[in-house]
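**Student:** Given next are the chains, with one letter for each unit.
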Amino acid sequence: AQSVTQLDSQVPVFEEAPVELRCNYSSSVSVYLFWYVQYPNQGLQLLLKYLSGSTLVKGINGFEAEFNKSQTSFHLRKPSVHISDTAEYFCAVSGTSSASKIIFGSGTRLSIRP
Amino acid sequence: KAGVTQTPRYLIKTRGQQVTLSCSPISGHRSVSWYQQTPGQGLQFLFEYFSETQRNKGNFPGRFSGRQFSNSRSEMNVSTLELGDSALYLCASSATGGANYGYTFGSGTRLTVV
Numbered sequence: 060a061q062s063v064t065q066l067d068s069q070v071p072v073f074e075e076a077p078v079e080l081r082c083n084y085s086s087s088v089s090v091y092l093f094w095y096v097q098y099p100n101q102g103l104q105l106l107l108k109y110l111s112g113s114t115l116v117k118g119i120n121g122f123e124a125e126f127n128k129s130q131t132s133f134h135l136r137k138p139s140v141h142i143s144d145t146a147e148y149f150c151a152v153s154g155t156s157s158a159s160k161i162i163f164g165s166g167t168r169l170s171i172r173p
Numbered sequence: 020k021a022g023v024t025q026t027p028r029y030l031i032k033t034r035g036q037q038v039t040l041s042c043s044p045i046s047g048h049r050s051v052s053w054y055q056q057t058p059g060q061g062l063q064f065l066f067e068y069f070s071e072t073q074r075n076k077g078n079f080p081g082r083f084s085g086r087q088f089s090n091s092r093s094e095m096n097v098s099t100l101e102l103g104d105s106a107l108y109l110c111a112s113s114a115t116g117g118a119n120y121g122y123t124f125g126s127g128t129r130l131t132v133v
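So the sequences go chain by chain: C and P.
Sequential numbering from 60 applies to the first sequence in my numbering.
Sequential numbering from 20 applies to the second sequence in my numbering.
Treat the hints loosely; a few may be bogus.
Unchecked claim - Residues from chain C shown here face chain P by an in silico Cβ test under 10 Å; the list is partial:
| hint | residue |
| --- | --- |
| 1 | Tyr91 |
| 2 | Phe93 |
| 3 | Gln97 |
| 4 | Gly102 |
| 5 | Leu105 |
| 6 | Lys108 |
| 7 | Leu110 |
| 8 | Ser111 |
| 9 | Ile161 |
| 10 | Gly164 |
| 11 | Ser165 |
| 12 | Gly166 |
Claimed, not checked - Partial chain P-side listing against chain C, Cβ under 7 Å, derived:
| hint | residue |
| --- | --- |
| 13 | Gly61 |
| 14 | Leu109 |
| 15 | Gly121 |
| 16 | Gly125 |
Bear in mind the hints are in silico, worked out from the structure with no lab data behind them.
The beta-carbon is built from N, C-alpha and C at its ideal position, and this holds for glycine as well.
Using the sequences plus the hints, can you model the full thing?
**Tutor:** Pasting the structure below:
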């Protein structure tokens, strides 16, 4: 079974500053890793995913994440945030079989201050 | 192409009643997963249907059930509603059910039990 921990429930940051949202996972088997974003009153939207290969994954809206197997982490980063990035961000993990379900972390609320 | 459609968007029910929520996946997608989202528990996996068969099930009581039709549309039913069932119910579809293809989420149905 897999699990995922998002270490920060809220992250406040000033506009145009860099941000890192932390995510650690636990699994006894190979995993796929994801970051999703949820804007108010909406469903979740896929930001990026790690399946295999390069450990640095680039996603939409200027976000990127780095898979670190030894530290079982998949932190999300953006070099310069905008007001429009205000949302809740979810890290997620799944096994690699086609029947695996996606397990989500508890979410990190990113609030951008002007 | 049209996204994942969930109906209704909002629902208010009385404790003890039952409710049925509907999810129409993206055309061609055969897998539909359901999640419950609450402030306290976050996103919790309910079940997944693939080609009309339940392939995965989360740790919810038997009051929560679902089904999938031959056109891949899915419904979930909650019987004997409790106050704690108040939540945002999210549906996600994917082409084959494999997590590597990513899930596309609907906007959710917000259920309030009074």
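**Student:** With a cut-off of 10 Å, does the beta carbon of Ile161 of chain C approach a beta carbon of chain P closely enough for the hint to hold?
**Tutor:** Holds. Min distance 5 Å.
**Student:** Is the hint on Gly121 of chain P kept, meaning its closest Cβ partner in chain C is under 7 Å away?
**Tutor:** Check passed: Cβ of Gly121 of chain P comes within 5 Å of chain C, closer than 7 Å.
**Student:** Taking the closest Cβ pair, is Tyr91 of chain C under 10 Å from chain P?
**Tutor:** It holds, given that the least Cβ distance between Tyr91 of chain C and chain P is near 5 Å, below 10 Å.
**Student:** If you take the shortest Cβ to Cβ gap from Leu109 of chain P to chain C, is it below 7 Å?
**Tutor:** holds, 6 Å
**Student:** So, as I understand it, the hint says Gly164 of chain C touches chain P; can you test that by seeing if any CB pair is closer than 10 Å?
**Tutor:** Holds. Min distance 7 Å.
**Student:** Would the hint on Gly102 of chain C be counted as holding, given a Cβ-Cβ threshold of 10 Å to chain P?
**Tutor:** holds, 3 Å
**Student:** Against chain P, is Phe93 of chain C within 10 Å by beta-carbon distance?
**Tutor:** holds, 7 Å
**Student:** Take the shortest C-beta to C-beta distance between Leu110 of chain C and chain P; is it under 10 Å?
**Tutor:** holds, 5 Å
**Student:** Does the CB of Ser165 of chain C sit less than 10 Å away from some CB of chain P?
**Tutor:** holds, 4 Å
**Student:** Hint Leu105 of chain C vs chain P: min CB-CB distance below 10 Å?
**Tutor:** holds, 5 Å
**Student:** Under 7 Å, Cβ to Cβ, is where Gly125 of chain P needs to be relative to chain C, so tell me if that hint holds or is violated.
**Tutor:** It holds, given that the least Cβ distance between Gly125 of chain P and chain C is near 5 Å, below 7 Å.
**Student:** Under the criterion of a CB-CB separation shorter than 10 Å, is Gln97 of chain C in contact with chain P as hinted?
**Tutor:** Hint on Gln97 of chain C: holds, closest Cβ of chain P at ~8 Å, below 10 Å.
Going through the hint list in order, the structure satisfies each hint without exception.
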